[in-house]
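Got two chains here, separate frames each, mind docking them using the hints?
Protein chains in written order, with numbering that gives the first Met the number 0: chain A, 0 to 74; chain B, 0 to 260.
These are computed hints drawn from the structure, not numbers from a lab. All figures in this text were calculated on a predicted structure; none of them were measured in a lab. Built from N, CA and C at the ideal position, the CB exists for glycine as well. There's no promise every hint is true.
Ranges between beta-carbon positions, derived for each pair [what the hints assert, rightly or not]: (1) Thr12/A / Ala236/B: 51 to 57 Å; (2) Gly15/A / Asn169/B: 37 to 43 Å; (3) His171/B / Gly52/A: 37 to 43 Å.
Computed footprint of chain B on chain A, listed as stretches where at least three residues anywhere in the stretch have a Cβ under 8 Å from a Cβ of chain B [stated by the list, open to error]: (4) 15-29; (5) 35-43; (6) 62-74.
Calculated Cβ distances over 10 Å to all of chain A for the following chain B residues [as the list claims (entries may be wrong)]: (7) Asp62; (8) Ala193; (9) Asp218.
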Amino acid sequence: MTGAAGTPGPVTTVNGDLYQAPDGWTVADLVAAWCPSPRGVAVAVDGEVVPRGSWGTTVVVPGSAVEIVTAAAGG
Amino acid sequence: MTADPTPDPLVIAGTELPSRLLMGTGGMTSPESLAGALMASGTALATVAVRRVDPTTRHSLVDLLDGLGIRILPNTAGCFTAADAVLTARLGREAFATDWVKLEVIGDDRTLLPDPIELVDAAGQLVEEGFVVLPYCGDDPVVARRLEQVGCAAVMPLGSPIGSGLGIRNPHNIELVVEQAGVPVVLDAGIGTASDACLAMELGCSAVLVASAVTRAEDPALMAAAMRDAVAAGRAAHRAGRITRRFVAEASSPFEGRVGT
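Chain B on its own, in the form it takes in the complex (with noise of 0.2 Å):
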């Protein structure tokens, strides 16, 4: 279901994404969940995490993205420094086959609130290496606007802290990074349940990437096709050209022809 039938696809680094949905794969109970959530989703591409084998597990996560056609996105979840998620970054590259990345850098462990300074820096080594760097940041216009300058394929300022579900809490400073950026936004973070998703397509962003508000929902499945129709709803009020909001009412319906005047 599209509420807009023309064609608007999402276009990061030159690829063109057939879906504004993009999904994590963090907090999912089993492999089937998570298939289930993902095709309910209509997603076109997800993240991972970039960790240690685990000998014992009978399962592959690459197989099961790449049977759905799903692109897979490496982050480097976990790191505190840029050097540490430059290696990671390199290894997902050769791990996935892939030069995308989703670049994290955490500044705290127990918000997991980005840390501008090493962000930035590893933004710009990742950039002169070759990589497709999608950086999560938080919602500072400055810091998007130099991730920007250092070469970032899109931006990804966050709602609210990853796994809260506290939905959008400043959009006010999400429209200023819209208004600003010269490439794709993607709301990254703190998303709850579907009318986050939809604001901030309203916002403007081009995409919105959601993981614990469906892996972590009673029905993943339902909630990431309530997710894909909040985006594309979103999307589509958000090219469709809303009402200025009004201090007080104006009348719909005419004052000429009415009964007794």
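One chain only, chain A, in its complex shape (with noise of 0.2 Å):
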């Protein structure tokens, strides 16, 4: 399990892999910690798409699973 710098939260699923953020947390921060720009990224948690205005006030959830994506060679 990874975490990051700041007091431990919620214990969460980060693209298939268990994760640690620390307390409070959003959706936002997330993207930041995972992605260069927030530019071509979607984020869905537990199988509901985040609208992008909504990642600053989406409190990550302790056991949801967060899927963060992008575009990727293929289709």
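Spelled out as structure tokens, the structure:
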């Protein structure tokens, strides 16, 4: 299990791996940690898309499954 | 180079696309190689897969395509159920700010042939949610008609399995799909070389989608240019109205005025 600096907070799954986010982190914080840029990125929590406009107000919930996706060569 | 200079734009869901060659991005060995091939193709629309971010990667495919002025078409590649495809489509819409989606729902991981039941189900759901749905389907005219009936903006029948390079295995069925379609028909999957793309256009397809034939060619940029020319040639030949096939000969030289008669 990986963690980040700050008071230990909720344990979630991010892109299939267990992750302990700092207390109070939002989806926007997760995106900033995972992606060099938020451009071309989308997030789903427990199978529901979180609109970009809600990233800053959606708090990471313990036990949730987060998927952070972008474009990959394919299709 | 265009064989026919008369304006003949591809129109999908009311949007004009300046090229009838759509490109897939899968299989390319490097971003530089991909950029070179895309530029040589002259394409205006390229598909991308929707995948988990890789924090170690330095390259942004979105930036590459935006830089080339190529519109992004997210693909639900890798989905086996309607539910997965619908979630992936929603993620693609959110990530790339587009309502367009190439809908791929696979029924068999060896042949990558589409599952028509899950496909039609997913297509109907996504049309209801306001997506512009371009479904990758088999060459069955009945399934193609169902997809159009649920509101798809185009139908994209395969020529042969993805990446197989086997070309168009059932040209007759492709002609049947074209004949009945009220939306553009895009030949998608199995194209192996330029003549396959040309044939698709001669059969009346509105466009072709090529990935592996270009990305996995020995010289992707050169093959992309060949595909561009093949699509233009096939389209012009289709518009020119070919001669009918005859069982026996029809002389092209006059009988009158022959020496010795």
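So, going through the hints one by one against the coordinates:
1. Thr12/A / Ala236/B: 51 to 57 Å: holds, 54 Å
2. Gly15/A / Asn169/B: 37 to 43 Å: holds, 39 Å
3. His171/B / Gly52/A: 37 to 43 Å: Since the Cβ atoms of His171/B and Gly52/A sit about 50 Å apart, the hinted range of 37 to 43 Å is violated.
4. 15-29: Per the Cβ count (1), the hint is violated.
5. 35-43: With 8 residues closer than 8 Å to chain B, the region 35-43 of chain A meets the three-residue bar; holds.
6. 62-74: Answer holds; 9 residues pass the 8 Å Cβ test.
7. Asp62: violated, 7 Å
8. Ala193: Holds, since 22 Å exceeds 10 Å.
9. Asp218: holds, 18 Å
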